[in-house]
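Undergrad: As you go down the protein sequences, you meet chains A and B in turn.
Here our numbering is used: position 182 in the first sequence is 182, and no number is missing along the way.
Add 217 to a position in the second sequence, counting from 1, and you land on the number used in our numbering.
Keep in mind that the hints were calculated from the coordinates and are not lab data.
Any given hint could turn out to be false.
What the hints assert, rightly or not - Calculated cross-link-like contacts (lysine to any residue; reagent style SDA-like; alpha-carbon spacing at most 20 angstroms):
#1 A:73 - B:230
#2 A:124 - A:28
#3 B:389 - A:144
#4 B:284 - A:14
2 protein chains.
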Amino acid sequence: MQNKKNAEGKSKVNRKPERGFHDDKTIHKIIDEAQYCHVSFIQEDQPFIIPTIHARLDDSLVLHGAKASRLIKQVSTGNEIAIAITILDGLVLARSVFHHSMNYRSVVIFGKGVEITDDKKKMKALKAITDHILQGRWDDARKPNEKELKATSVISVKIDEASAKIRTGPPKDDEDDYSLPVWAGVLPIVKLIGEPEADPVLKKGISIPDYIGRIIK
Amino acid sequence: MQNKKNAEGKSKVNRKPERGFHDDKTIHKIIDEAQYCHVSFIQEDQPFIIPTIHARLDDSLVLHGAKASRLIKQVSTGNEIAIAITILDGLVLARSVFHHSMNYRSVVIFGKGVEITDDKKKMKALKAITDHILQGRWDDARKPNEKELKATSVISVKIDEASAKIRTGPPKDDEDDYSLPVWAGVLPIVKLIGEPEADPVLKKGISIPDYIGRIIK
Chain A
1 MQNKKNAEGK SKVNRKPERG FHDDKTIHKI IDEAQYCHVS FIQEDQPFII PTIHARLDDS
61 LVLHGAKASR LIKQVSTGNE IAIAITILDG LVLARSVFHH SMNYRSVVIF GKGVEITDDK
121 KKMKALKAIT DHILQGRWDD ARKPNEKELK ATSVISVKID EASAKIRTGP PKDDEDDYSL
181 PVWAGVLPIV KLIGEPEADP VLKKGISIPD YIGRIIK
Chain B
218 MQNKKNAEGK SKVNRKPERG FHDDKTIHKI IDEAQYCHVS FIQEDQPFII PTIHARLDDS
278 LVLHGAKASR LIKQVSTGNE IAIAITILDG LVLARSVFHH SMNYRSVVIF GKGVEITDDK
338 KKMKALKAIT DHILQGRWDD ARKPNEKELK ATSVISVKID EASAKIRTGP PKDDEDDYSL
398 PVWAGVLPIV KLIGEPEADP VLKKGISIPD YIGRIIK
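Build out the structure end to end from the sequences listed, making use of the hints.
TA: Here's what the structure looks like:
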């Protein structure tokens, strides 16, 4: 799981190469933590970009959607697509405007979508996506029935040509600016799960399951 | 500011049209709240997607970057680009796997980039971007000097063909599923600014400015 990715061509990190990573471990970790991705594809010479939920199954990214959706129709054609996954970690406030930045972890994947048509594999991918939304949810919720499974398309994209880009740490200012009387540092962005909002029509007597209680602490 | 956007063609919301909005007020609010965007463009028949910081100046989106960056080189060509801005608000846990969803606010803009070359307009755009990172920061930090201004390109994209898509509220399950003994509801995603991390080499005696203190309460 630590194979060297193709670090040339499209996924080469050209700008600030010191922020670039091409190993599976780094790439997979970012994919697994992010709650959604953006998929970019070309339709009639026009770039499109659509946010969607994803999950990782080994070394593939899986996406799903309604059979009739633009995303599924375009991504299942096997044309080239690009997928970005971005986690914002902090606002980097330098002494100079020029050196302002963000701390972030991002992955870009270049690949082609392949539709998963085998029902068993489809269910496995849908389990991965459901548990990616919330670990433990698949076992608790009602599984897809035949009709729902038919209405849903699942697309797999090999995480083959991919790169991660990461910025961490304090701002970097020009030597001369360190003496300026300007506060500099990082404002961390913290993402939390807030107090669960039960469905107003939730049946009485159903308490919050353990796998939710655990993550809201 | 409430003009009807072009609700046909590329930016028409086809799936779940009840979630679609085309008015400036809704679109601008999402753009203003989001901390970054994803830009998609085509280079040699290949879709690319890059996360970057943005700001809104009236009815245009402004982006910036190093002159030599792929983003700037491609986006300043005047070719078609697509920009997505997505805010995740909550995980929507339905009784059935099929109806799981996310609460979100998203905008997609289709347009073309135009480079801003006038120095005064460039500075205005950089102020908008800096204050979009953190309101009040431009006035506090050292402004770009001539060399920095030259090394930075600023691109403007008219928010002309754009649409917003919003999902709010509890899950919607199939009638038969409401009797299932499964907890259903929304887990809100809360984004906070954490405790400021001062640059380890910050000059002594510089306290956290008001415009930061205010947002961390």
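Undergrad: Next, verify each hint and record whether it holds.
TA: Quick rundown of the hints versus the structure:
no., hint, in the structure
1, A:73 - B:230, "holds, 15 angstroms"
2, A:124 - A:28, "holds, 18 angstroms"
3, B:389 - A:144, "holds, 15 angstroms"
4, B:284 - A:14, "holds, 13 angstroms"
Checked against the numbered hints listed earlier, the structure breaks none of them; every hint is satisfied.
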